[in-house]
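*Asks:* So the sequence lines, in the order shown, correspond to chains P and X. Quick note: the first sequence uses our numbering, first residue 1, plus one each step. Quick note: the second sequence uses our numbering, first residue 1, plus one each step.
Where hints are given, some of them may not hold.
Unchecked claim - Taking lysine-lysine and the DSBU-like style, the derived pairs with C-alpha atoms no more than 30 Å apart in a straight line are:
| hint | chain 1 | residue 1 | chain 2 | residue 2 |
| --- | --- | --- | --- | --- |
| 1 | P | Lys21 | X | Lys285 |
| 2 | P | Lys21 | X | Lys69 |
| 3 | X | Lys69 | X | Lys81 |
| 4 | P | Lys21 | X | Lys79 |
| 5 | P | Lys21 | X | Lys82 |
| 6 | X | Lys64 | P | Lys21 |
| 7 | X | Lys64 | X | Lys81 |
| 8 | P | Lys21 | X | Lys74 |
Said to hold, decoys possible - Not everything, but these chain P residues come out facing chain X in the computed CB check (under 10 Å):
| hint | residue |
| --- | --- |
| 9 | Leu16 |
| 10 | Ile37 |
| 11 | Ala39 |
| 12 | Glu46 |
Unchecked claim - Restraint ranges, calculated between C-beta atoms of paired labels, are given here:
| hint | chain 1 | residue 1 | chain 2 | residue 2 | range |
| --- | --- | --- | --- | --- | --- |
| 13 | X | Leu126 | P | Gly3 | 19 to 25 Å |
| 14 | X | Phe87 | P | Thr10 | 23 to 29 Å |
| 15 | P | Gly3 | X | Tyr108 | 38 to 44 Å |
| 16 | P | Glu30 | X | Leu92 | 24 to 30 Å |
| 17 | P | Glu33 | X | Leu122 | 30 to 36 Å |
| 18 | X | Arg424 | P | Ile8 | 18 to 24 Å |
| 19 | P | Ile5 | X | Asn46 | 52 to 58 Å |
| 20 | P | Ile8 | X | Asn46 | 49 to 55 Å |
| 21 | X | Leu122 | P | Ile8 | 20 to 26 Å |
Hints in this document: simulated from the structure, not taken from any laboratory. Glycine included, C-beta positions come from ideal geometry on N, C-alpha and C.
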Amino acid sequence: MLGMIVAIVTIWMVVLPAAAKLPTVQNHLEFLESHRINAAAMFYTELEPRD
Amino acid sequence: MQSASGTDPSLAKPISKRLHEDWLVVGIGAIALLVATFFVSAKPANAVGGKPEIVNTAKGTIAKLESWKDAPGKAFFTKPKKGEPQFLGGALLITFAVIGTLLMPVAYARGISPGSFMVGYLVLFLLAIFAFLMSTQEVVKQYNFEYVLWALLLGLTISNTIGTPDFLKPMVIGDTFIKLGLVLFGAEVLFGKLVALGVPGVFTSWVVTPIVLITTYWFGQRILKIESPSLNMVISADMSVCGVSAAIATGAACRAKREEVSYAIGVSLLFTAVMMIVQPYIVLKTGMDPIVGAAWIGGTIDSTGAVAAAGAVLGDDAATVANTVKMIQNVLIGVIAFGVATYWSTRYRESGDTNSVGISEIWTRFPKFVIGFIGASLAFSFLPSWIGWDSNIAEVVSKEITSQVRIWLFCLAFVAFGLETNFRELWKYLCVGKPLLLYIIGQAWSMILSLAMATLMFGVLYADKVKSILAK
Numbered sequence: 001m002l003g004m005i006v007a008i009v010t011i012w013m014v015v016l017p018a019a020a021k022l023p024t025v026q027n028h029l030e031f032l033e034s035h036r037i038n039a040a041a042m043f044y045t046e047l048e049p050r051d
Numbered sequence: 001m002q003s004a005s006g007t008d009p010s011l012a013k014p015i016s017k018r019l020h021e022d023w024l025v026v027g028i029g030a031i032a033l034l035v036a037t038f039f040v041s042a043k044p045a046n047a048v049g050g051k052p053e054i055v056n057t058a059k060g061t062i063a064k065l066e067s068w069k070d071a072p073g074k075a076f077f078t079k080p081k082k083g084e085p086q087f088l089g090g091a092l093l094i095t096f097a098v099i100g101t102l103l104m105p106v107a108y109a110r111g112i113s114p115g116s117f118m119v120g121y122l123v124l125f126l127l128a129i130f131a132f133l134m135s136t137q138e139v140v141k142q143y144n145f146e147y148v149l150w151a152l153l154l155g156l157t158i159s160n161t162i163g164t165p166d167f168l169k170p171m172v173i174g175d176t177f178i179k180l181g182l183v184l185f186g187a188e189v190l191f192g193k194l195v196a197l198g199v200p201g202v203f204t205s206w207v208v209t210p211i212v213l214i215t216t217y218w219f220g221q222r223i224l225k226i227e228s229p230s231l232n233m234v235i236s237a238d239m240s241v242c243g244v245s246a247a248i249a250t251g252a253a254c255r256a257k258r259e260e261v262s263y264a265i266g267v268s269l270l271f272t273a274v275m276m277i278v279q280p281y282i283v284l285k286t287g288m289d290p291i292v293g294a295a296w297i298g299g300t301i302d303s304t305g306a307v308a309a310a311g312a313v314l315g316d317d318a319a320t321v322a323n324t325v326k327m328i329q330n331v332l333i334g335v336i337a338f339g340v341a342t343y344w345s346t347r348y349r350e351s352g353d354t355n356s357v358g359i360s361e362i363w364t365r366f367p368k369f370v371i372g373f374i375g376a377s378l379a380f381s382f383l384p385s386w387i388g389w390d391s392n393i394a395e396v397v398s399k400e401i402t403s404q405v406r407i408w409l410f411c412l413a414f415v416a417f418g419l420e421t422n423f424r425e426l427w428k429y430l431c432v433g434k435p436l437l438l439y440i441i442g443q444a445w446s447m448i449l450s451l452a453m454a455t456l457m458f459g460v461l462y463a464d465k466v467k468s469i470l471a472k
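For reference, chain P alone in the conformation it holds in the complex:
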């Protein structure tokens, strides 16, 4: 259990924030944000309306 907690905290607090700063990832995130795309939408009702 402790191992899992350490793994989750390390991945979400260190690895993923660091990955978000990589130029390619940053560009993709900016692209999604500028197009208001929720890439994790499960159903069409979870998408932002397109302009």
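We have chain P already, so just place chain X on it with the hints.
*Replies:* Okay, now just chain X, sitting in the frame of chain P:
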């Protein structure tokens, strides 16, 4: 859905009790949908010929965690286009109260004491918040790793390390959360969306998809000889229709084991993360017409959000086509769930034998919450126009209010599934190659058929008509 070990408390009860709970869930869902409509109204248009304004007084009432990059605390603050960010604490409390109110009658019917209900529900709710927090990290989100995966992982971690605490067990009722969520989900399945792209949209989504579903299921049964028909069906539906939501709906309709649904969702999310990058790349590199490519992406990538992200790479018009094809395919989920529930009721007993049965037996076996799911879909699709309401009211109710409640219920359900699942049971599926092979072959078949239909409809027969629709 049931556990592999057959220890699901809802299945331990006589069938009449379970049917009773199905109807109870349908009733709760119907009341919730009705109440939600009171918060939305249409204000008459100011100018002649103008559109009436739809006012939703409950907007933002149900909490929705925001995305974050490096500081998880930011997930708890709104990101308004104008003004200061607002703390979501109040919305979380209201969400806790609303969902708790919906679940109380079920807890009462199951004989769960108020104390056990409150403690169990509070812990599940906190775990659901944590799962949402994990899913809203922007890097995780961009690859479509949805909240259900993290909810399941959290539940699995607890149950397979320290074990699910006794005080939590009475409220570990994932099936009930799913059933209630599906009744609310029905309101989001609006048949009016079918005509959004005319004939080409219907052919790409409503002709190819059932063909892929049925042939993949047949292939799994007859050629691969997959032991569990319900696992075969959940993978086939998940892969051919719309990913996680289809797996949840068909899994519930054919009473698949929760390990089977979890497995199908895991495989689907993994492949979706790859396909959302590879497919637009193929379209761009091969010089394919972006509109045809977008229709192909909309028809084949499992998840809606991944389709939106992949379609946008091909341009604005292409994104519209990809999203619309996927939306039309999303609507198919109602018909598929009903068809699967009926097929399973006529063919499979819980004992697994497949002797033919009469109408009354079929009715007895039929999962009644599916009627709630279909009923909500039909009511929200057709009732507003019959009673003279603005058709956008139903859409706003389902999109801005009930879908938010449904998302929380699905998240709670997958936390509960994780808490009920022995990792060894899940591992059995991970070690067997046939289900994975079924997914890969089915997806390849789907890509070939979808590409052929998208080319025919969007590139040849209706190319001009589609362009004129997009120009509007």
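*Asks:* Hint by hint, note whether the structure agrees.
*Replies:* Hint check results:
1. Distance hint between Lys21(P) and Lys285(X) is fulfilled; the C-alpha atoms sit about 28 Å from each other, no more than 30 Å.
2. As the CA atoms of Lys21(P) and Lys69(X) are separated by approximately 9 Å, the hinted pair is consistent with the 30 Å bound.
3. A distance of roughly 18 Å separates the Cα atoms of Lys69(X) and Lys81(X); the hinted pair therefore holds under the 30 Å criterion.
4. At most 30 Å may separate the alpha-carbon atoms for a hinted pair to count; Lys21(P) and Lys79(X) meet this at roughly 20 Å.
5. The straight-line distance between the Cα atoms of Lys21(P) and Lys82(X) is roughly 26 Å, inside the 30 Å bound, and the hint therefore holds.
6. At roughly 25 Å between alpha-carbon atoms, Lys64(X) and Lys21(P) fall within 30 Å of each other, so this suggested pair holds.
7. In summary, the hint linking Lys64(X) to Lys81(X) is supported, as the alpha carbons are separated by about 16 Å, within the 30 Å threshold.
8. Proposed proximity of Lys21(P) and Lys74(X) is supported: the alpha carbons are some 17 Å apart, at most 30 Å.
9. A distance limit of 10 Å between C-beta atoms decides the matter here; for Leu16(P) the minimum to chain X is near 5 Å, and the interface restraint holds.
10. The closest approach between the C-beta of Ile37(P) and any C-beta of chain X is roughly 5 Å, which is under the 10 Å cut-off, so the hint is satisfied.
11. Evaluation of the Ala39(P) hint against chain X yields a held restraint, the C-beta minimum of about 4 Å falling below 10 Å.
12. About 7 Å separates the beta-carbon of Glu46(P) from the nearest beta-carbon of chain X, less than 10 Å, and the hint is met.
13. The hinted range of 19 to 25 Å is satisfied by Leu126(X) and Gly3(P), whose Cβ atoms lie roughly 21 Å apart.
14. The hinted window of 23 to 29 Å between Phe87(X) and Thr10(P) holds, with their beta carbons roughly 27 Å apart.
15. Judged by the Cβ atoms, the range 38 to 44 Å given for Gly3(P) and Tyr108(X) holds: they are separated by roughly 39 Å.
16. Hint check: Glu30(P) to Leu92(X), Cβ distance near 29 Å, so the stated range 24 to 30 Å holds.
17. A beta carbon spacing of about 34 Å between Glu33(P) and Leu122(X) agrees with the range 30 to 36 Å that was offered as a hint.
18. Range check, Arg424(X) to Ile8(P): about 22 Å between beta-carbon atoms, so the 18 to 24 Å window is met.
19. For Ile5(P) and Asn46(X), the Cβ-Cβ distance of about 56 Å falls inside the hinted range of 52 to 58 Å, so the restraint holds.
20. In this structure the supplied range 49 to 55 Å holds for Ile8(P) paired with Asn46(X), their Cβ-Cβ distance being about 52 Å.
21. The hint said 20 to 26 Å for the Cβ distance between Leu122(X) and Ile8(P), and at roughly 21 Å that hint holds.
Checked against the numbered hints listed earlier, the structure breaks none of them; every hint is satisfied.
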